[in-house]
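J.: Reading the sequence shown from the start, the letters are residues 1438 to 1699 in the numbering used here.
Just so you know, not all the hints are guaranteed correct.
[To be verified] Simulated restraints, written as ranges between beta carbons of each label pair:
1. Gln1538 - Ser1508: 40 to 50 Å
2. Val1643 - Thr1688: 39 to 49 Å
3. Thr1491 - Ser1526: 37 to 47 Å
4. Leu1608 - Thr1644: 25 to 35 Å
5. Thr1684 - Asp1611: 45 to 55 Å
6. Gly1616 - Leu1578: 41 to 51 Å
7. Asn1570 - Ser1630: 55 to 65 Å
8. Thr1613 - Ala1573: 56 to 66 Å
9. Val1560 - Asp1517: 35 to 45 Å
10. Thr1461 - Ile1510: 16 to 26 Å
11. Thr1503 - Ala1550: 25 to 35 Å
12. Tyr1481 - Ala1550: 55 to 65 Å
13. Ile1531 - Thr1461: 52 to 62 Å
14. Ala1606 - Val1643: 21 to 31 Å
Derived from the structure by calculation, the hints contain no laboratory data. Every residue, glycine too, gets a C-beta built ideally from N, C-alpha and C.
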Amino acid sequence: FTTTGTNTFGGALNIAGAITSTATTANTFPYASSTAITVSGTGYFATASSSNLTVSSVVSGSLLKTTTGGSVIAATAGTDFENALTFSSPLSRIANTISIQDAVADGSTKGAASFTASDFDAVSGNIAIDYTNGQAASGSLKGFLTSADWTTFNTKLASSSISNSAMVAALLSDETGTGSVVFSASPTFTGTSVFANTTNSGTLGVTGLATLSSGFVSQASSTVVGAFTTTGTNTFGGALNITGAITSTATTANTFPYASST
């Protein structure tokens, strides 16, 4: 069956075999319903509706794009679209959601962190310690050392630097007297010790010369070993026992109201 020119069929045209066109221009199918249409050249579809449209030049799993001429081809990763983004810790990605974990103060766990406004300053993304408004240390709170407290601490002396009595005296403002410091329940004084007014509740042992100027000794039993010299008037409230000789250098008479002696 061969025709030349334009042919019009008023009814359906049923063709059991394949249709092969040798036309040099495009064949037009205003409505194509088939299980398989093979186009060896370029196929143009005004409206394509199919659940199984195969483009032989596109490999499986590819994304599609059209050229400026309208051809359907495979899109190129990295040029036409971005590959799926991956993130390293502390960032993570689930679908289209990107998250960041909280930072931990352990020296290794990175992440997002916030800063206390009263302790830190932020200028153009630079975080710095707020020394001006930061919490000052006190007896009950931890914090920064203020300049006033620094001066106080800076003038302190280490205990190891105080090695003699003169250093101790230099730190005191209400001390009296001079000499070395004595620390003992039964102190021993060496050298000449001068007391303007002193009271001793226990035994006062003097191994050298003791001078009392207008003073008195109040003790039930007092013993002087060695020479005992007094100047001025002396009063003894009890018996005075002398085991040696009494020598008087007085230029006036000595008076004994009652003398009992051998």
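J.: Work down the list of hints and note, for each, if the structure agrees.
T.: Quick rundown of the hints versus the structure:
1. Gln1538 - Ser1508: 40 to 50 Å: Given range 40 to 50 Å: holds, Cβ gap about 47 Å.
2. Val1643 - Thr1688: 39 to 49 Å: At 29 Å between Cβs, range violated.
3. Thr1491 - Ser1526: 37 to 47 Å: 43 Å, holds
4. Leu1608 - Thr1644: 25 to 35 Å: Since Leu1608 and Thr1644 have Cβ atoms about 33 Å apart, the given range 25 to 35 Å holds.
5. Thr1684 - Asp1611: 45 to 55 Å: At 47 Å between Cβs, range holds.
6. Gly1616 - Leu1578: 41 to 51 Å: 44 Å, holds
7. Asn1570 - Ser1630: 55 to 65 Å: 59 Å, holds
8. Thr1613 - Ala1573: 56 to 66 Å: The hint (56 to 66 Å, Cβ to Cβ) is violated, given that Thr1613 and Ala1573 are roughly 39 Å apart.
9. Val1560 - Asp1517: 35 to 45 Å: Hint holds: Cβ distance 43 Å, inside 35 to 45 Å.
10. Thr1461 - Ile1510: 16 to 26 Å: This hint holds: roughly 25 Å between Cβ atoms.
11. Thr1503 - Ala1550: 25 to 35 Å: The hinted range 25 to 35 Å is violated for Thr1503 and Ala1550, with Cβ atoms some 48 Å apart.
12. Tyr1481 - Ala1550: 55 to 65 Å: 59 Å, holds
13. Ile1531 - Thr1461: 52 to 62 Å: 56 Å, holds
14. Ala1606 - Val1643: 21 to 31 Å: For Val1643 against Ala1606, whose Cβ atoms are near 26 Å apart, the range 21 to 31 Å holds.
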